[in-house]
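A.B. asks: One-letter residues, chain by chain:
Number of protein chains: 2
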Amino acid sequence: MTERLLRYIEEKKRLVDERLNRLVPPENTPPESIHRAIRYALFPGGKRIRPILCIAAAEITGGSAEDALAAACAIELIHTYSLIHDDLPCMDDDDFRRGRPTVHRVFGEAIAVLAGDGLLSLAFEVLTDANNYPDPSLPRILTVANEIAVASGTRGMVGGQVADIEAEQKREHSLKEVKFIHMNKTAKMITVSLRAGAILAGASHREIERLSLYGERLGLAFQITDDILGEIGDEKKLGKPVKRDREKNKATYPAVVGIEESRKEARKLIEEAKQALDIFEEEKCWMLKELADYVLERER
Amino acid sequence: MTERLLRYIEEKKRLVDERLNRLVPPENTPPESIHRAIRYALFPGGKRIRPILCIAAAEITGGSAEDALAAACAIELIHTYSLIHDDLPCMDDDDFRRGRPTVHRVFGEAIAVLAGDGLLSLAFEVLTDANNYPDPSLPRILTVANEIAVASGTRGMVGGQVADIEAEQKREHSLKEVKFIHMNKTAKMITVSLRAGAILAGASHREIERLSLYGERLGLAFQITDDILGEIGDEKKLGKPVKRDREKNKATYPAVVGIEESRKEARKLIEEAKQALDIFEEEKCWMLKELADYVLERER
Numbered sequence: 001m002t003e004r005l006l007r008y009i010e011e012k013k014r015l016v017d018e019r020l021n022r023l024v025p026p027e028n029t030p031p032e033s034i035h036r037a038i039r040y041a042l043f044p045g046g047k048r049i050r051p052i053l054c055i056a057a058a059e060i061t062g063g064s065a066e067d068a069l070a071a072a073c074a075i076e077l078i079h080t081y082s083l084i085h086d087d088l089p090c091m092d093d094d095d096f097r098r099g100r101p102t103v104h105r106v107f108g109e110a111i112a113v114l115a116g117d118g119l120l121s122l123a124f125e126v127l128t129d130a131n132n133y134p135d136p137s138l139p140r141i142l143t144v145a146n147e148i149a150v151a152s153g154t155r156g157m158v159g160g161q162v163a164d165i166e167a168e169q170k171r172e173h174s175l176k177e178v179k180f181i182h183m184n185k186t187a188k189m190i191t192v193s194l195r196a197g198a199i200l201a202g203a204s205h206r207e208i209e210r211l212s213l214y215g216e217r218l219g220l221a222f223q224i225t226d227d228i229l230g231e232i233g234d235e236k237k238l239g240k241p242v243k244r245d246r247e248k249n250k251a252t253y254p255a256v257v258g259i260e261e262s263r264k265e266a267r268k269l270i271e272e273a274k275q276a277l278d279i280f281e282e283e284k285c286w287m288l289k290e291l292a293d294y295v296l297e298r299e300r
Numbered sequence: 001m002t003e004r005l006l007r008y009i010e011e012k013k014r015l016v017d018e019r020l021n022r023l024v025p026p027e028n029t030p031p032e033s034i035h036r037a038i039r040y041a042l043f044p045g046g047k048r049i050r051p052i053l054c055i056a057a058a059e060i061t062g063g064s065a066e067d068a069l070a071a072a073c074a075i076e077l078i079h080t081y082s083l084i085h086d087d088l089p090c091m092d093d094d095d096f097r098r099g100r101p102t103v104h105r106v107f108g109e110a111i112a113v114l115a116g117d118g119l120l121s122l123a124f125e126v127l128t129d130a131n132n133y134p135d136p137s138l139p140r141i142l143t144v145a146n147e148i149a150v151a152s153g154t155r156g157m158v159g160g161q162v163a164d165i166e167a168e169q170k171r172e173h174s175l176k177e178v179k180f181i182h183m184n185k186t187a188k189m190i191t192v193s194l195r196a197g198a199i200l201a202g203a204s205h206r207e208i209e210r211l212s213l214y215g216e217r218l219g220l221a222f223q224i225t226d227d228i229l230g231e232i233g234d235e236k237k238l239g240k241p242v243k244r245d246r247e248k249n250k251a252t253y254p255a256v257v258g259i260e261e262s263r264k265e266a267r268k269l270i271e272e273a274k275q276a277l278d279i280f281e282e283e284k285c286w287m288l289k290e291l292a293d294y295v296l297e298r299e300r
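Those protein sequences? They're chains V and R, same order as listed.
Heads up: the first sequence is residues 1 to 300, going by our numbering.
Heads up: the second sequence is residues 1 to 300, going by our numbering.
Excised from the complex, chain V in its bound form (with noise of 0.2 Å):
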């Protein structure tokens, strides 16, 4: 990762941290446990790529930081709620993440469910507050809310968590399978966080659209390279078990490809992710294309 965009990424998860403490109720909200165990899955948190990704989606179309925050927070909200409930032992059955215990391991399979419920309907109170946005326009928050919630219901990610779930199940995979979870269950949610940043900075279609085929490609290879790492990554730096796919007979693209060809796919989608934003004036988008190579060569 090139030193620019690690400050980059640093100062966009500032923003963010800072304004998700603010959104979140204090741990002492009764009751009190479901907020323990709601900040206790968002900080410190993970890499933040969703909201970074529409932050940085706002800058390139003319809009600021702030006139993504709302929704980026709201984006991180769902996908942690999403993490959660994944965990859970009827789901991945999964006792880490980033290091440390999972919710249901430390609060309950109960709480554990009640807050990835309590989280979804935070996001959306989050993003229906017009008092979220410094220059509210309604139609463009009622199209963001509308879209992010497509893309994290049925016919997206808990549809993806579906049928990556019932893959387990069955003795063969295919390509055409793997692709279907991992368009629904990553690339629609990472999409939608581009759409949502471009959107609110009113930018115009034809940026949207470009915005929507990058974070398409990008979600695609992320969840390729997740699937890679979790084949053959570090268990240190992943903070969580290795091979556990495998074991789970889970649904991935080195399973069905192998690991090499996973690598040439992944690069094939980075390629044309970056491509996609050759609308874009470099100066603008360099930290889309950066981060796109770093999709890449993450370890973690």
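Don't read these hints as lab results, they were simulated from the structure.
Treat the hints loosely; a few may be bogus.
[Claimed, not checked] The calculated lysine to aspartate or glutamate pairs, modelled on EDC-like cross-linking and capped at a C-alpha distance of 20 Å, are:
| # | chain 1 | residue 1 | chain 2 | residue 2 |
| --- | --- | --- | --- | --- |
| 1 | R | LYS179 | V | GLU109 |
| 2 | V | LYS170 | R | GLU32 |
| 3 | V | LYS274 | V | GLU207 |
| 4 | R | LYS170 | V | GLU32 |
| 5 | R | LYS170 | V | GLU109 |
| 6 | V | LYS250 | R | GLU109 |
| 7 | V | LYS179 | R | GLU32 |
| 8 | V | LYS47 | V | GLU297 |
| 9 | R | LYS176 | V | GLU32 |
Go by the hints and put chain R onto chain V.
C.D. replies: Structure of chain R alone, referenced to chain V:
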């Protein structure tokens, strides 16, 4: 129940069911399992009390059923998600609801969690799509979506469910605790049902406040009678076993103050609910008054 109330309920229930059927993806939408589970939970469904209250509030304040229908359906989607999650083994661990096996008994726990998640996203998808309103006012739509997000979250319905679950572990329950549970778990979503219908119909601040007061009192009374039926109701009529609350050491009204005192409190709340309607003409608000009376006499 009077003949005219029965007709009113049947008519609105049909409207709600027809619209829900159009809003929910068909069963053959991939992944099919989740859409089958969602439809299993939604249809034929229960009393549809919340959407009917939402529609009634719109009609009483000068609007039409159509004005309130999207919000009414969204609230029923959220209510349905909450029932699926409440029934999970890690929560109330219930095998039957409305005379049928619960969603996780039929589709498994993972699909039950995800069906609930998908329903919550779908509710906000419906709420934030201006095409779902005959005469869309974006400020009203945003306000309604925001209030529903708050009422369904950790300072509302989810918070009430947390307190409900956690109360099972306590040796003794206080009236204050039971009131917190009832207010958050039940009354806030019932109150927002009325507020949503009134706001979408363009009601005055005074009208909205009176309907809120009605909703809060009705919601509390509704939960008390629910507790009473859980204690001494008819299993056949309820479609689920009774005495489960006691077995699970639930914090209920009858457990804390006894059946007779609970009945008295419910009657008092219903009187207050009806009094809150005294600013409306009798020919407008009769259905809310009769619905309040029905809450006292209901057997399921």
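A.B. asks: Evaluate each hint against the coordinates.
C.D. replies: To see whether the hints hold, each was checked on the structure:
1. As the CA atoms of LYS179 (chain R) and GLU109 (chain V) are separated by approximately 25 Å, the hinted pair breaks the 20 Å bound.
2. Of the supplied pair hints, the one linking LYS170 (chain V) and GLU32 (chain R) holds, its CA atoms being roughly 16 Å apart against a limit of 20 Å.
3. Between the alpha carbons of LYS274 (chain V) and GLU207 (chain V) the distance comes to roughly 14 Å, so the proposed pair stays at or under 20 Å and holds.
4. Pair hint LYS170 (chain R) plus GLU32 (chain V) holds up; C-alpha atoms about 16 Å apart against a cutoff of 20 Å.
5. Straight-line distance between C-alpha atoms of LYS170 (chain R) and GLU109 (chain V) comes to about 18 Å, which keeps the hinted pair within the 20 Å bound.
6. For the hint pairing LYS250 (chain V) with GLU109 (chain R), the CA-to-CA distance comes to about 18 Å; that is within 20 Å, so the pair holds.
7. For a cut-off of 20 Å, the pair hint linking LYS179 (chain V) to GLU32 (chain R) stands: about 17 Å separates their Cα positions.
8. Proposed proximity of LYS47 (chain V) and GLU297 (chain V) is supported: the alpha carbons are some 14 Å apart, at most 20 Å.
9. Of the supplied pair hints, the one linking LYS176 (chain R) and GLU32 (chain V) holds, its CA atoms being roughly 16 Å apart against a limit of 20 Å.
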